[in-house]
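Engineer: Here are the chains, one letter per residue:
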Amino acid sequence: MIARRDLAARVASVEDLTRTCFRLELTCREPVVAVPGQFGMLRCGAELDPLLRRAFSFAGVRQVGEGWVVEMHIKEVGKGTTLLRRLAPGARTSLLAPLGNGFTLAGLSGGRLALVAGGIGLPPVLFAAEVLAAEGRPFDLFFGAARASELYEIDRLAAATAAVGGELGLCTDDGSRGEAGVVTGALERRLAGGREIGRVLACGPDPMLRALGRLATARGLDAELSLEEPMACGVGVCLGCVVELEDGSLVPSCKEGPVFPVRRLGERWRS
Amino acid sequence: MIARRDLAARVASVEDLTRTCFRLELTCREPVVAVPGQFGMLRCGAELDPLLRRAFSFAGVRQVGEGWVVEMHIKEVGKGTTLLRRLAPGARTSLLAPLGNGFTLAGLSGGRLALVAGGIGLPPVLFAAEVLAAEGRPFDLFFGAARASELYEIDRLAAATAAVGGELGLCTDDGSRGEAGVVTGALERRLAGGREIGRVLACGPDPMLRALGRLATARGLDAELSLEEPMACGVGVCLGCVVELEDGSLVPSCKEGPVFPVRRLGERWRS
Amino acid sequence: MTPDLRTAVGDLRLANPVLTASGTFGYGLDLEDLCPPERLGGIVTKGLSPLSRRGNQPPRIAETAAGMLNAIGLQNIGVEAFCSDVLPELRRRSVTVVVNVFGESPAAYREVIARCERAAGVAAYELNVSCPNVSAGGIEFGHRPAALASLTAACRAETGKPLWVKLSPNAPDLVGTAQAAVDGGADALSLINTLRALAIDAVARRPVLQRGYGGLSGPAIKPVALRMLWEVHRALPSVPLVGIGGIETGQDVAEFLLAGASAVQVGTAVFRDPAAPLRILGELERFCAAQGVAAVGELIGGLQWL
Amino acid sequence: MTPDLRTAVGDLRLANPVLTASGTFGYGLDLEDLCPPERLGGIVTKGLSPLSRRGNQPPRIAETAAGMLNAIGLQNIGVEAFCSDVLPELRRRSVTVVVNVFGESPAAYREVIARCERAAGVAAYELNVSCPNVSAGGIEFGHRPAALASLTAACRAETGKPLWVKLSPNAPDLVGTAQAAVDGGADALSLINTLRALAIDAVARRPVLQRGYGGLSGPAIKPVALRMLWEVHRALPSVPLVGIGGIETGQDVAEFLLAGASAVQVGTAVFRDPAAPLRILGELERFCAAQGVAAVGELIGGLQWL
Ligand SMILES: Cc1cc2nc3c(=O)[nH]c(=O)nc-3n(C[C@H](O)[C@H](O)[C@H](O)COP(=O)(O)OP(=O)(O)OC[C@H]3O[C@@H](n4cnc5c(N)ncnc54)[C@H](O)[C@@H]3O)c2cc1C
Ligand SMILES: Cc1cc2nc3c(=O)[nH]c(=O)nc-3n(C[C@H](O)[C@H](O)[C@H](O)COP(=O)(O)OP(=O)(O)OC[C@H]3O[C@@H](n4cnc5c(N)ncnc54)[C@H](O)[C@@H]3O)c2cc1C
Ligand SMILES: Cc1cc2nc3c(=O)[nH]c(=O)nc-3n(C[C@H](O)[C@H](O)[C@H](O)COP(=O)(O)O)c2cc1C
Ligand SMILES: Cc1cc2nc3c(=O)[nH]c(=O)nc-3n(C[C@H](O)[C@H](O)[C@H](O)COP(=O)(O)O)c2cc1C
Ligand code: FES
Ligand code: FES
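Chains as they are written, first to last, in our numbering: chain P, 1 to 271; chain X, 1001 to 1271; chain Y, 2001 to 2306; chain S, 3001 to 3306.
Just chain P, with the same shape it has in the complex (with noise of 0.2 Å):
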């Protein structure tokens, strides 16, 4: 594992992605090591308002120089969000990471690997398609969003699915572009037509993420699912973000999660 560190950050970059997502690139001195699926605690502010960090996945890490830069996009929903988009670069904050596990990248036995991202569910989604892209395993990507102006990063999920000869389906819910209606129903059409999936890693809102949990339970297939909790410590001391398990029991997902395979969780994600 990956040792977490409480990591001085500083703000290298803000940048919108769309009309409500930006781009947050943050320096780091020491090293940053992540996996895609893992994520980081981040403070919002110096005061005592908001309280709490807030959880963000990592789009990716690179060094730069003598530094690490982490990648994360985040969505302006509410004052800690909003606090972030409005940091000038250099500020100062500090970032709780590598947290959680990540997705199953390797060992797939038999079948294509499908990336599935929904909305601002993409940054695991991008972090892990550059990953395979760059190991020369391939991999399909289907991204959906409710319309054309809301999907981002295109150019660079094309590069990755290119570089291994993966497919990139877009989907938008308005059909505004790529095809039209939930990113889900375009696996099952591919499925539909006899491709074989053999393992299934996704990120992005609950409704989505139940329909897949449905459909991978319905198939049987391998799927993984990256979970959004409201958490406070994100290291599993304060029992905030649990999971109700296949057996009833109730985990923390910023430690055994926040990737779970759909075969371990309980019936909310079942059916």
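I should point out that these hints are in silico values taken from the structure, not numbers from a laboratory. Bear in mind that the values here come from a model prediction, so they are computed numbers and not experimental data. Backbone N, C-alpha and C fix where the C-beta goes; we use that ideal spot for every residue, glycine too. One thing to keep in mind: the hints can contain errors.
[As the list claims (entries may be wrong)] Heads up, simulated DMTMM-like pairs for lysine to aspartate or glutamate below, C-alpha to C-alpha not over 25 Å straight-line:
no., chain 1, residue 1, chain 2, residue 2
1, P, K79, S, D3273
2, X, K1255, Y, D2273
3, P, K75, P, D155
4, P, K255, S, E3080
5, P, K79, P, E25
6, X, K1075, Y, D2273
7, P, K79, X, D1006
8, X, K1255, Y, E2080
9, X, K1255, Y, D2030
10, X, K1079, X, D1016
[Unchecked claim] Reference excerpt, derived from the structure (chain S facing chain X, CB under 10 Å, subset only):
no., residue
11, P3036
12, A3065
13, A3066
Given chain P, put chains X, Y and S with the ligands in place with the hints provided.
Structural biologist: Structure of chains X, Y and S with the ligands alone, referenced to chain P:
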């Protein structure tokens, strides 16, 4: 009376004046008119901690192009002032101003006008000096601080006093610049030397103001002190900032002050 | 669709549910340039006693995390000055005026009400029972159900206007005191007043406030206020409630309405933003419009419990 | 001069006054990489019951202004797993371990203590009495002095080690319950636990937490915690106290010591900063050095009142 407003303001600049004090310039689109001694209540952040605004005296106001620039000198002492020091140019905030009364600059019946500042008490005194200089009314100015490095804006003070042929008396507790000792001592020496002082206007730390209060009371000098009481609202409704008057009543210093003639003040300020 | 913001606290009809809280908006006109009182649901005056009071020695306030302490000591201009110098103008502007009343004995409370009854322009009374009851040896009226019931009954005898009792969150038995106030004849209950608290200056080794303890207000107390409101609403569902405690936004107001309040009061938020009550009202209107709430009344008590 | 940070809670000597609060630091080793427990005054475990417990359904937490609500439902691994899997390592590292105990009946509390007595490495017990007492119809033990006294006496009978009772801030009579705990044989009192509170999702018109109510912790409650600590200290000056509630800085610790605490516990601050207890300890040391405090003991109860 100039109408108070809750002005939308943007940070124009933040610049260090001494090791602990900085100049904050704010730009407002609406006209800002204030007299020396008046203050504003400044929001220090968007979130609920720190909860209350902070009171700062005006060090000057000038019209620049379409907007008005408000100058403040702020000492970093706690969480609000720390946040302010870190503001980036362009950041938005709100300034409720102008509030309170001001120093009595006009109507001197005899003797010279003496302005006295201690440490971060300089802003309203500098403002008064520049207004007096512009109006061609003579005055002397005494400015004291702990050490030479805490005396600042000496050029502007020298220019203002010189413009009207007044004296600029500098003092440091450790004698590292100007006269050694407290600033009230300098004033006492002028009085002892036979200078006729018709009125004293002062702002500074409590011990300095109390010393001046005693001096003024003992000598029957006309003196006005700008007091600093903890404030919540700045507009007279919380009754948090009261000062005891000579008649025993407790009045909000944000409304009836912050400038009080010594003769109106209770014992605490006169003995 | 413009949401219908009208509400009523018992028989008292209000143009909208946003009032100002006692002690944070002066006597109603002090901030009229920044927040016109006639546009609000109403104003609650600073607590009035028979004679003017000087209040406590400073320091009287201390900031805390997302909150503040105060120990003003009920400084006020006295009921006479209020009725002759302030009330006529409030009336001219058709402001809905709730007079916050306090005293150290039931007779003092009655005296304040009696004086207001002789004037015109008071819409309702709110009894502040978080003051020491001299006849009961300094224990707060709001802490003993029996004392509270008889105080309320004494005030009830003075007026036919709506009588609100403002509950203290420090009382040993919240629902018991609420019931006692209703038994004494209260038409509505407002809650909460400030939480008894302490701030310490570690360097000086003294309390920050000259009086030692102070009352905690502001956003910090909102979750406690909501809990108390809902507890009282569940226990006494037919009693009209006025919610108070840390309200900063229109969404906060919606939360208080859902927990059973028919109206709310905005207090400490005024210190941060003197136009807060108006801003909050606008936010509430937009919240209702966005959520398809045609009338704020739909929200009242609408919390879906477990 | 390096300040002497040693303190004692009754007979229990501690290397320094900073402990972690129950439920915020796991079982003592969970964050050892970020905050080595052996460098602290001690750790208080997550509340332990005879058997492991699953806890409440999520959502279990909600952020509020400078605070948070939790309704974890006392999920824990059970005393057996703690004693066999965790305690030996804590002992190996010489960590001062306070076991937080709870149950739904006095027998359950006794069972937890009895199991720990058979193990080595427990320095003291802390009774969490903010849990529903099944035999008393679900009312919290901490709310009824008589029930609390007999619960404490029952636990006292199981152990000769220091026994702390953790007071609930929601009890109708704070000093009365404190006295009851002492009467039952408590060696020290820790306070405060969380304030009963409610957060509402105005859009969903439901409580944010699945369980409805939750407990408020964090900086928001610090002024209330300090008040309660000082009230208990004034009423029972000879009883050792452990201060808890919203501690974020070394200066906060000094405030709690001044108000009468012999040691403190850091809770919610850990979620913001997992190394908070160590950071706070360093700040306390610097505060003492700057203020010329040679030993933290000088601060305890040193508040100059009015
Ligand atoms: C493991 C994990 C990874 C995540 N990765 C990303 C990401 O890459 N990009 C991104 O934009 N968002 C991500 N989120 C969601 C993100 O944490 C929330 O959007 C964020 O906390 C909202 O904070 P706020 O202050 O703006 O919102 P507010 O609504 O003001 O927050 C109030 C409280 O609720 C919590 N909260 C609100 N929404 C969520 C949520 N969806 N999940 C968890 N807690 C929430 C906040 O942490 C805070 O404590 C992730 C969440 C988790 C658990
Ligand atoms: C009329 C007036 C004019 C002022 N003008 C200036 C000025 O020109 N430059 C300047 O540097 N300072 C000035 N001050 C003092 C300034 O308001 C405080 O230094 C500032 O509020 C400290 O905030 P903080 O958050 O950094 O400190 P903290 O100590 O964290 O503040 C905690 C609380 O105490 C209050 N407080 C702390 N110190 C003071 C103080 N000295 N006076 C009033 N309230 C205080 C704060 O407002 C806040 O509510 C003035 C004060 C008043 C009343
Ligand atoms: C400075 C101040 C003065 C107050 N004075 C009174 C008062 O005179 N009478 C009263 O019933 N409540 C008084 N209160 C309590 C408020 O009306 C209100 O109940 C409390 O502050 C909680 O609401 P808030 O969090 O919105 O401020 C006062 C509160 C503050 C902050
Ligand atoms: C998530 C969480 C879990 C808690 N679990 C327990 C517990 O099991 N037993 C207990 O006595 N107190 C428990 N507490 C209360 C804390 O120990 C502490 O008394 C309270 O949070 C106030 O301190 P703080 O403001 O520093 O967090 C818990 C608090 C939190 C936030
Ligand atoms: S967030 Fe605290 S246990 Fe997961
Ligand atoms: S600061 Fe509120 S009355 Fe002066």
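Engineer: It remains to establish, for every hint, whether it holds in the given structure.
Structural biologist: Hints, verified against the model:
1. P:K79 - S:D3273: The hint holds at about 19 Å.
2. X:K1255 - Y:D2273: The given pair, whose Cα atoms are some 17 Å apart, holds under the 25 Å limit.
3. P:K75 - P:D155: Answer holds: K75 of chain P to D155 of chain P is near 20 Å, not above 25 Å.
4. P:K255 - S:E3080: holds (23 Å)
5. P:K79 - P:E25: holds (19 Å)
6. X:K1075 - Y:D2273: holds (24 Å)
7. P:K79 - X:D1006: holds (23 Å)
8. X:K1255 - Y:E2080: Roughly 23 Å separates the two Cα atoms, so the pair holds.
9. X:K1255 - Y:D2030: holds (11 Å)
10. X:K1079 - X:D1016: Measuring from Cα to Cα gives roughly 17 Å; hence the hint holds.
11. P3036: violated (29 Å)
12. A3065: Since the shortest Cβ distance to chain X is 5 Å, the answer is holds.
13. A3066: holds (5 Å)
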